[in-house]
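K.L.:
Read top to bottom, the protein sequences are chains A and B.
Each residue of the first sequence is one higher than the one before, counting from 0 in numbering that gives the first Met the number 0.
Each residue of the second sequence is one higher than the one before, counting from 0 in numbering that gives the first Met the number 0.
The hints are simulated quantities; they were obtained by calculation from the structure and are not laboratory data.
Predicted model only: the values in this text are computed from it and were never measured.
Warning: the hint list may mix true and false statements.
In the DSS-like style, the derived pairs of lysine-lysine whose C-alpha atoms are separated by at most 25 Å in a straight line are [stated by the list, open to error]:
(1) B:Lys-69 with A:Lys-64
(2) A:Lys-111 with A:Lys-69
(3) A:Lys-100 with B:Lys-84
(4) B:Lys-214 with A:Lys-69
(5) A:Lys-64 with B:Lys-64
(6) A:Lys-100 with B:Lys-214
(7) B:Lys-228 with B:Lys-111
(8) B:Lys-69 with B:Lys-214
(9) B:Lys-69 with A:Lys-84
(10) B:Lys-84 with A:Lys-69
(11) B:Lys-69 with B:Lys-228
(12) A:Lys-64 with A:Lys-111
(13) A:Lys-257 with A:Lys-111
(14) B:Lys-111 with B:Lys-84
(15) A:Lys-84 with B:Lys-100
For the chain B half of the interface with chain A, some residues (derived, Cβ under 10 Å), not all of them [claimed, not checked]:
(16) Phe-48
(17) Trp-98
(18) Gly-99
(19) Tyr-121
(20) Cys-134
(21) Thr-200
(22) Leu-203
(23) Ile-210
Anything over 10 Å on all C-beta distances counts as not near chain A; from chain B, calculated [stated by the list, open to error]:
(24) Thr-15
(25) Glu-19
(26) Lys-69
(27) Glu-96
(28) Gly-169
(29) Gln-202
(30) Cys-206
(31) Arg-213
(32) Glu-243
Just so it is clear, CB atoms sit at the ideal spot from N, CA and C, and this is done for glycine as well.
What follows is each chain in one-letter form.
2 protein chains.
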Amino acid sequence: MCQLLALNSNQPAAITFSFEGFVARGGLTDHHRDGWGIAFFEDTGCRLFVDYEASITSPVAQLIKHYPIKSTNIIAHIRRATQGKVSLPNCHPFMRELWGKYWVFAHNGDLKNFHPELSGNYLPVGVTDSEIAFCYLLQSLRERHPHREPCRAALFASVQEITREIAGHGVFNFLLSNGDAMFAHCSTNLHWVQRAYPFSTAQLTDCELSIDFRKHCYPNDLITVIATKPLTSNEDWQQFSRGELNMFVNGEIAEQYKPAAERSKPVVLAAVPHAC
Amino acid sequence: MCQLLALNSNQPAAITFSFEGFVARGGLTDHHRDGWGIAFFEDTGCRLFVDYEASITSPVAQLIKHYPIKSTNIIAHIRRATQGKVSLPNCHPFMRELWGKYWVFAHNGDLKNFHPELSGNYLPVGVTDSEIAFCYLLQSLRERHPHREPCRAALFASVQEITREIAGHGVFNFLLSNGDAMFAHCSTNLHWVQRAYPFSTAQLTDCELSIDFRKHCYPNDLITVIATKPLTSNEDWQQFSRGELNMFVNGEIAEQYKPAAERSKPVVLAAVPHAC
Chain A
0 MCQLLALNSN QPAAITFSFE GFVARGGLTD HHRDGWGIAF FEDTGCRLFV DYEASITSPV
60 AQLIKHYPIK STNIIAHIRR ATQGKVSLPN CHPFMRELWG KYWVFAHNGD LKNFHPELSG
120 NYLPVGVTDS EIAFCYLLQS LRERHPHREP CRAALFASVQ EITREIAGHG VFNFLLSNGD
180 AMFAHCSTNL HWVQRAYPFS TAQLTDCELS IDFRKHCYPN DLITVIATKP LTSNEDWQQF
240 SRGELNMFVN GEIAEQYKPA AERSKPVVLA AVPHAC
Chain B
0 MCQLLALNSN QPAAITFSFE GFVARGGLTD HHRDGWGIAF FEDTGCRLFV DYEASITSPV
60 AQLIKHYPIK STNIIAHIRR ATQGKVSLPN CHPFMRELWG KYWVFAHNGD LKNFHPELSG
120 NYLPVGVTDS EIAFCYLLQS LRERHPHREP CRAALFASVQ EITREIAGHG VFNFLLSNGD
180 AMFAHCSTNL HWVQRAYPFS TAQLTDCELS IDFRKHCYPN DLITVIATKP LTSNEDWQQF
240 SRGELNMFVN GEIAEQYKPA AERSKPVVLA AVPHAC
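Produce the complete structure using the sequences and hints provided.
P.N.:
Structure (structure tokens):
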């Protein structure tokens with residue numbers, strides 16, 4: 000399996016602190032040594048860094064640790080290969096263009112007997128089930144909305160339908176972003192934490208590093224961090240339910256789906272406008 | 000205008016030496032300060048680095064200068080904006096997927112009254128004429144060969160036809176690669192040099208740096224470097240004719256087109272097999 004990390008915020012934020020702990024899992028505190036990658040949206044552009052070296056030794060990872068690229072949507076991934084050899088084309092995140100926007104995707108899990116018919120608009124370059132799932136997801140979004148990107152609510156509904164279909168084939172924890180919104184789906188294991196005023200100090204679990212967010216954040220900042228396993232020992236990480244899909248916008252949940260069995264739990268939706 | 004740099008070779012090679020001189024043109028010895036980018040193919044994967052900072056000050060460019068990523072196909076670009084503001088989505092090279100391969104494109108020039116009908120398979124994310132040209136080029140290739148990549152000769156013929164159409168709108172010097180072949184087209188200004196046995200010493204024109212390739216290359220290495228302007232002062236750089244399109248494979252010209260007026264000049268085609 001692999002591990003996922005994402006950031007969604009209302010102001011461009013650096014992920015250097017969380018990335019420091021995450022990278023340690025790529026060979027130091029955990030065994031995800033088969034490559035890594037990170038994508039930063041800036042404006043409508045995207046910087047994508049991928050490497051098949053273990054993140055703990057990769058020169059590119061060292062750059063990212065010390066170069067505070069600020070973004071409102073960031074997706075990172077460290078890989079432990081289950082399908083596909085250790086090579087660059089099999090490293091997540093993957094990137095494609097749809098409706099004149101870049102879309103970025105990273106997956107943690109394993110899909111069985113998943114051989115969707117791909118029409119050719121999006122074809123995998125590597126040989127992972129993850130990239131096939133991403134291609135099928137984008138192809139299906141395009142089939143549902145062939146001319147332009149729909150409003151957020153309709154987009155969320157489409158992503159949810161396609162996710163449910165793919166998740167029927169196995170473990171499908173994923174992160175997906177188009178630079179506006181961050182989709183996060185949990186099959187088995189995913190957590191998130193929101194950092195907001197009044198900010199406090201956080202301590203990484205994977206290395207001896209803490210940060211006092213009061214020195215780095217403004218009162219209006221809202222920053223959500225999503226990770227396979229909590230990265231800090233003293234923050235209020237919330238666990239996703241199995242089957243839960245969230246769309247984060249500006250650091251808050253804008254749309255949410257939970258399977259029926261989970262709906263008795265309270266669901267708080269942020270007041271993010273998304274009129275169709 | 001902008002400047003282009005490419006490498007095509009028969010064995011993975013580093014571009015650090017040529018890149019050192021090229022980067023100097025991004026704010027030190029020339030005025031191309033409006034962003035830069037570089038793409039390295041490895042296996043079927045691709046590492047793409049883009050930055051809107053001047054290449055001479057960019058931390059990512061510093062990484063590339065000191066991190067010898069080896070590749071048989073590399074495309075780099077430094078930008079001086081003529082269309083589109085200085086921002087990440089307007090930085091070259093651009094990358095898309097076609098027929099299950101990544102395609103990378105960088106352009107030097109300016110296209111006028113170029114508003115092709117884009118069907119939606121490839122849409123620009125930024126606002127440059129260059130990205131529109133790339134989208135139209137891939138769309139046209141897909142229309143001509145909807146199911147799979149054709150053989151090299153047919154691919155070259157299609158790229159040449161589409162190039163001629165786009166070049167009717169203005170200056171269209173470009174580099175294009177799918178990881179197998181490197182296409183290079185000249186409207187106004189493009190040069191190339193082949194480094195082969197017996198290797199010698201080369202001296203950069205843009206900074207005080209020389210290299211003795213005899214210490215870095217094997218006898219069978221064939222390395223072609225393409226650049227808007229020659230990067231070294233003591234190598235046999237050849238100037239492209241206006242309208243010339245070359246497809247380099249394994250460090251040699253595999254296919255070539257020159258307009259009729261240029262055909263009286265001798266053309267040497269390497270014996271690269273490309274049976275359809």
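K.L.:
With reference to the structure, classify each hint as holding or not holding.
P.N.:
Hints and how they fare:
1. B:Lys-69 with A:Lys-64: holds (23 Å)
2. A:Lys-111 with A:Lys-69: violated (37 Å)
3. A:Lys-100 with B:Lys-84: At roughly 17 Å apart (the allowed maximum being 25 Å), Lys-84 (chain B) and Lys-100 (chain A) satisfy the hint.
4. B:Lys-214 with A:Lys-69: Status violated; Cα separation ~41 Å.
5. A:Lys-64 with B:Lys-64: Holds, because 18 Å separates the two Cα atoms, which is no more than 25 Å.
6. A:Lys-100 with B:Lys-214: Distance of about 45 Å is beyond 25 Å: violated.
7. B:Lys-228 with B:Lys-111: holds (24 Å)
8. B:Lys-69 with B:Lys-214: With a Cα-Cα distance of about 16 Å, the restraint between Lys-69 (chain B) and Lys-214 (chain B) holds, given a limit of 25 Å.
9. B:Lys-69 with A:Lys-84: holds (19 Å)
10. B:Lys-84 with A:Lys-69: Holds, at roughly 19 Å.
11. B:Lys-69 with B:Lys-228: holds (23 Å)
12. A:Lys-64 with A:Lys-111: violated (35 Å)
13. A:Lys-257 with A:Lys-111: Distance ~23 Å between Lys-257 (chain A) and Lys-111 (chain A) Cα, so the pair holds.
14. B:Lys-111 with B:Lys-84: holds (17 Å)
15. A:Lys-84 with B:Lys-100: holds (17 Å)
16. Phe-48: holds (8 Å)
17. Trp-98: For Trp-98 (chain B), the interface hint holds, since the closest Cβ of chain A sits about 7 Å away, which is under 10 Å.
18. Gly-99: It holds, given that the least Cβ distance between Gly-99 (chain B) and chain A is near 4 Å, below 10 Å.
19. Tyr-121: holds (7 Å)
20. Cys-134: holds (9 Å)
21. Thr-200: violated (28 Å)
22. Leu-203: Interface hint status for Leu-203 (chain B): violated (24 Å vs cutoff 10 Å).
23. Ile-210: violated (21 Å)
24. Thr-15: The assertion about Thr-15 (chain B) holds, with a minimum of 13 Å to chain A.
25. Glu-19: It holds; Glu-19 (chain B) is separated from chain A by about 17 Å at its closest Cβ, greater than 10 Å.
26. Lys-69: With a cut-off of 10 Å, Lys-69 (chain B) remains clear of chain A, as the shortest Cβ separation is near 12 Å.
27. Glu-96: Not fine: 6 Å to the nearest Cβ puts Glu-96 (chain B) too close to chain A.
28. Gly-169: Holds, since 23 Å exceeds 10 Å.
29. Gln-202: Answer for Gln-202 (chain B): holds, closest chain A Cβ roughly 28 Å.
30. Cys-206: holds (23 Å)
31. Arg-213: holds (27 Å)
32. Glu-243: holds (30 Å)
The structure fails to meet hints 2, 4, 6, 12, 21, 22, 23 and 27 from the earlier list, while all remaining hints are met.
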